[in-house]
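Participant: The residues making up each chain are set out below.
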Amino acid sequence: GESVGLHLPTLSVQEGDNSIINCAYSNSASDYFIWYKQESGKGPQFIIDIRSNMDKRQGQRVTVLLNKTVKHLSLQIAATQPGDSAVYFCAENTGSGGGADGLTFGKGTHLIIQP
Amino acid sequence: DAGVTQSPTHLIKTRGQQVTLRCSPKSGHDTVSWYQQALGQGPQFIFQYYEEEERQRGNFPDRFSGHQFPNYSSELNVNALLLGDSALYLCASSPHTDTQYFGPGTRLTVL
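Each protein sequence line maps, in turn, to chains U and W.
Going by the numbering used here, the first sequence opens with residue 1, and the numbers climb by one from there.
Going by the numbering used here, the second sequence opens with residue 1001, and the numbers climb by one from there.
Looking at chain U on its own, in the form it has when it is part of the complex (with noise of 0.2 Å):
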């Protein structure tokens, strides 16, 4: 099976609040840890890492939590904007090469902005 998966398929939240996504990994050999948004017939676009010696990491609008003891990863989006409507992927990474080995990507996360 993945290695890495998210909770929720889909999440909507309204327009200026914050949101959260969630993703589990089963792998507690990952290292590194990336989000990505992808928009529709877009490619993902890089938002945020964190390695595994980090419990948090922030960002312009948002803030990547990692808790290692539950294999857990969250990507906090602040006061959402429309244009934050995406598909959310959380990407692992198991390598010694670091952030540019094979990534495993879980299934995502539709962030739906209502206004």
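Keep in mind that the hints were calculated from the coordinates and are not lab data.
A virtual CB, placed ideally from N, CA and C, is assigned to each residue, including glycine.
Just so you know, not all the hints are guaranteed correct.
[What the hints assert, rightly or not] Far from chain U, some chain W residues (derived; all Cβ distances over 10 Å):
(1) ILE1012
(2) ARG1015
(3) GLY1016
(4) GLN1018
(5) VAL1019
(6) PRO1070
(7) SER1073
(8) LEU1090
[Unchecked claim] Distance windows between CB atoms, simulated:
(9) W:SER1007 <-> U:ASN67: 36 to 44 Å
(10) W:LEU1082 <-> U:GLN60: 39 to 47 Å
(11) U:ASP17 <-> W:SER1007: 37 to 45 Å
(12) U:ALA78 <-> W:THR1009: 41 to 49 Å
(13) W:GLU1051 <-> U:ALA29: 23 to 31 Å
(14) U:GLN45 <-> W:ASN1059: 22 to 30 Å
(15) U:THR94 <-> W:GLY1003: 22 to 30 Å
Guided by the hints, dock chain W onto chain U, whose structure is given.
Facilitator: Structure of chain W alone, referenced to chain U:
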């Protein structure tokens, strides 16, 4: 600075045919990875090229092969196409051991 580019955008083939997809990495990137994304699914890793050699390979049959050129661009070849090969094929480039950035993909339809 151009990002990752792929060609063609769309392609229609029939079963049994062969196809070649092309990828130009982002400037400064020397590693190219290929992924297959079926409709409604996450991308699946096919293989990765670095220094003109296949460095890693996912769980794909030998019908899937590739090449990397001295300028770091890459090709993905698929022989004896099956209906199940219909998918979005994504190329990602990275500086070695760093984050991968994806191109827009090539939509392959096998009839």
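Participant: Evaluate each hint against the coordinates.
Facilitator: Status of the hints after comparison with the structure:
Even its closest Cβ contact with chain U, about 17 Å, leaves ILE1012 of chain W beyond 10 Å, as expected for a residue assigned away from the interface. No Cβ of chain U approaches the Cβ of ARG1015 of chain W within 10 Å, the least distance being about 25 Å, so the stated non-interface status holds. The Cβ of GLY1016 of chain W lies farther than 10 Å from every Cβ of chain U, with a closest approach of about 28 Å, so its non-interface assignment holds. Even its closest Cβ contact with chain U, about 24 Å, leaves GLN1018 of chain W beyond 10 Å, as expected for a residue assigned away from the interface.
For VAL1019 of chain W, the non-interface assignment is confirmed: its Cβ lies about 18 Å from the closest Cβ of chain U, beyond the 10 Å cut-off. No beta-carbon of chain U comes within 10 Å of the beta-carbon of PRO1070 of chain W; the shortest separation is about 19 Å. Under the 10 Å C-beta cut-off, the non-interface status given to SER1073 of chain W relative to chain U holds; the minimum distance is some 17 Å. Some Cβ of chain U comes within 10 Å of the Cβ of LEU1090 of chain W; the nearest lies about 5 Å off, and the non-interface call is violated.
Here the CB-CB span from SER1007 of chain W to ASN67 of chain U is close to 41 Å, well matched to the stated 36 to 44 Å. Remark: the range hint 39 to 47 Å for LEU1082 of chain W to GLN60 of chain U is upheld by a beta-carbon distance near 43 Å. Our hint of 37 to 45 Å for ASP17 of chain U and SER1007 of chain W holds, since their Cβ atoms are close to 40 Å apart. For the pair ALA78 of chain U and THR1009 of chain W, the beta carbons lie near 34 Å from each other, so the given range of 41 to 49 Å is not met.
Hint check: GLU1051 of chain W to ALA29 of chain U, Cβ distance near 25 Å, so the stated range 23 to 31 Å holds. Remark: the range hint 22 to 30 Å for GLN45 of chain U to ASN1059 of chain W is upheld by a beta-carbon distance near 26 Å. Between THR94 of chain U and GLY1003 of chain W the C-beta distance comes to about 26 Å, which sits within the given range of 22 to 30 Å.
Checked against the numbered hints above, the structure breaks hints 8, 12 and satisfies the rest.
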